[in-house]
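K.L.:
Put chains L and H on the given structure of chain Z with help from the hints.
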Amino acid sequence: MKILESMLSKNSENKISLGLFFVLAILPVAAAFSYAVLYSFGVVGIANEGFTFRFWKEVLSTGEFIQSFGYSAAISAVSMVISISLALYLTIIFHKDFENKILSFIAYLPLSLPGVVAAFFGVQVLSKSGFFSRLSYKIGWTEDLSGFPDLINDQYAIGIIITFVSVVAPFFLLLFLNIYENEKVDELHKLANSLGADRRQSIWKVEIPILLHKSKKLISLYLIFLMGAYEIPLILGREAPQMLSVLIVRDLKQYDLTKISEGYVIAVIYSIVIGMITYFIFSRQKQVYA
Amino acid sequence: MPKFRKVTLLLYVVMIMFPFFYLFLLSLSAEWKFPDLTPNYFGIKNWQQIFSSQSGLGTSFITSLFISFFVALTSTSLGFYVSRYISYHPRRHTMSMLAYFPYVIAPVVFGACMIYFFLKMRLFGTLYGVILAQSFVAFPYALIFFTSFWGEKIQSYEQLVATLGGNVMQGFLKVTLPLAKGMLMICFFQTFLISWFEYGLTSIIGVGKVETLTIKVFLFIKESNFYFGALSCCLLILPPLFLIYLNKRYVFNKIL
Amino acid sequence: MKFLHIQNISKSFGQTKIFKHINLELEAGKTLSILGRSGCGKTTMLKTISGLIAPDEGDIFVAGIKINDLSPNLRNIVYLYQEDLLFPHLNVYENIAFGLKLKKMDNEVIDQKVHQMIIDLELEGQGDKMPNQISGGQRQRVSFGRAIIINPKLLLLDEPFGSLDVETRYNMQQLFKRLVAQYNITSLFVTHDLKEAFTMGDTMAYMKNGDLKVYPSKSSFVNDRSTGMQDEISFWNNIKMFDNG
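Those protein sequence lines, which keep their order, are chains Z, L and H.
Using the working numbering, the first residue of the first sequence is number 1, and each one after it goes up by one.
Using the working numbering, the first residue of the second sequence is number 1, and each one after it goes up by one.
Using the working numbering, the first residue of the third sequence is number 1, and each one after it goes up by one.
Just so you know, these hints were derived from the structure itself, not from any lab.
Among the hints, a few may not be true.
Stated by the list, open to error - Heads up, simulated BS3-like pairs for lysine-lysine below, C-alpha to C-alpha not over 30 Å straight-line:
1) Lys113(H) / Lys103(H)
2) Lys128(Z) / Lys45(L)
3) Lys205(Z) / Lys120(L)
4) Lys184(Z) / Lys6(L)
5) Lys104(H) / Lys174(L)
6) Lys129(H) / Lys181(L)
7) Lys153(H) / Lys103(H)
8) Lys120(L) / Lys15(Z)
9) Lys181(L) / Lys184(Z)
10) Lys120(L) / Lys253(Z)
11) Lys181(L) / Lys15(Z)
Stated by the list, open to error - Which chain H residues face chain L? A few, computed with CB under 7 Å, are given here:
12) Leu52
13) Ala54
14) Leu70
15) Phe87
16) His89
17) Gly99
What the hints assert, rightly or not - Every beta carbon over 12 Å from chain Z, so not counted as near; a handful from chain L, in silico:
18) Ala30
19) Ser135
20) Phe188
21) Phe220
22) Cys234
Idealized CB from N, CA, C, for every residue including glycine.
Next comes chain Z alone, as it looks inside the complex:
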């Protein structure tokens, strides 16, 4: 696309737009990141005495950050795999049924549930005194509260994963249904049949690859979003290990002032990693169009 020079010829308008872009999009992130870096090296902050590597050494040596990072990445990956699988399954098998007006409307309903509501609902149904525990008691599977397994605040993050899936899978179902229609996947499936592919081959070699290819950027973004999720792990997670955002905020709110600096160290590392992943996603995209 050639740039239309006269479209950008009004200098005053350009300056305003550039100014707004800088002030509202670049400056806040740059300022926050700079402050976090300075705090992490002890240059600024309450009770900090000047440049030091102390906090960085502490964070990297205790392993709490690495553990939290690994924990967050694992939960995010597992949740995404389950969500994508469910969404793919429903799309490929039931895409015709979702053309029905009522079912199509119902498919959109989960978008009205934010993370905090999903987390609250998760507590209500998955906790030891929750709905499923009561159901289990009535059926006779458990005899009391303690008999019901730990589904929230547990070491395997079952509650977090279930809640993530309940939020993410519906979105990807809608996305895949959209792609299925726009990319005429049904037509391509028929074409594959005419070339000799059976149903199974068509699904694995045509439909699934197309759906995944067209949504790979969003899948990458959602992996990042889930890693940095806050409300759901805050309510449904354990004391340790914690997901990244919860750990960072916990440290930043500490009375122990050293912990605040360590919190900023984690925030800096987290931002750099996310930044690199984002850059990677974008640079691959650029290659495709070049």
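P.N.:
Frame of chain Z, contents of chains L and H only:
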């Protein structure tokens, strides 16, 4: 339809609808203890408390509405204006990538790192501070959203209007704005929902003084007041449900 | 100086030369066909003349006036794309009236002109229809009408019939010739179709790799082997011989 398909679809529908029914039921309940499957009280007394000062829910609802409306209006209009400049810029790819950073960084972490600046600007713990903080997340979203609008086709329309004798303002009012109407609406509601659903950033910058509905949900969870928690959830869900009913596109958008 | 006088215009994007030292002249009310393949620089050249792109060097004169520094909306030169680009939110009438409304003309005058144009375009009864309710050929006619109704000094057509089927294309060619004669429009008609270039223009030019060669007559165009006209004639002659056995 084969039995397996019917059962699966029915299961799907039940799983989708269950949270809505359960939360609504819980909001109408009281004295619902383990191991009862139904509440001892079922009525509207919780809902009658919405506008009481004790629950504070009415105030929170209006606060959330005000914040979200303001965030949506400023983000959408500014995002639309600035996105044109970015889309036509020689370095638009780099600028678009930079616009993603505030959007991908967890808002709560972003907020935690911004506390110092909000304190200096005397916006910490204020309503306008929360609006500004949420705009730092919503504005980049709007920027990214509108970059798909300013493509070759719109550029061609702008050029056509110029050669037909129209100046920039005429082109904008008579062609660009009407063509962008649909997207402006969708972006407005999308940024409204980003703000409406926001918790982490609001709790950090608002520091408990700005009680939006999401903050209320958390407060009720802490107090183990699950009935009012459910009531807050119902209020929280109402606007997006209404938007889905009006036009599903307002709520679902893919940023590709 | 002729009505349109282009002197030595050049344009490059970075290291890539798009066109260089273009010179052409055209009398008022005449059509110059420019034959050129994809990627030869013709679109950029047309956009430069219309003011949408600034040339690196050279001058453009219309009716004796140098227009280099004039912004596109003040040149009264209309650039038409291959795509019809009708405004999707306006109906046929409103699309045609668009340029007149920009000039803030009297509504009655606009109404009269637009209705006459609708008749000239053979689109009676279609005035209320939206662009997505009419055919490709009809949309292209509306696009023409919208351009011609404002009496442009110069009309720049960039492969306007490229997306039409053979029959519609022929009808559009006839309509174009009739309208430019009726409204005395000066135009540059760019196409990659040899027959169309030959049919549409009063004079002819050939563009290749950013260089423009203007021919003093149609016969000199035909006789120049590089235009491909000779090959085309040979092809049809061979068919004829084959048919005759």
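K.L.:
Quick one: which hint numbers does this structure break? Sort them smallest to largest.
P.N.:
3, 13, 14, 19, 21, 22
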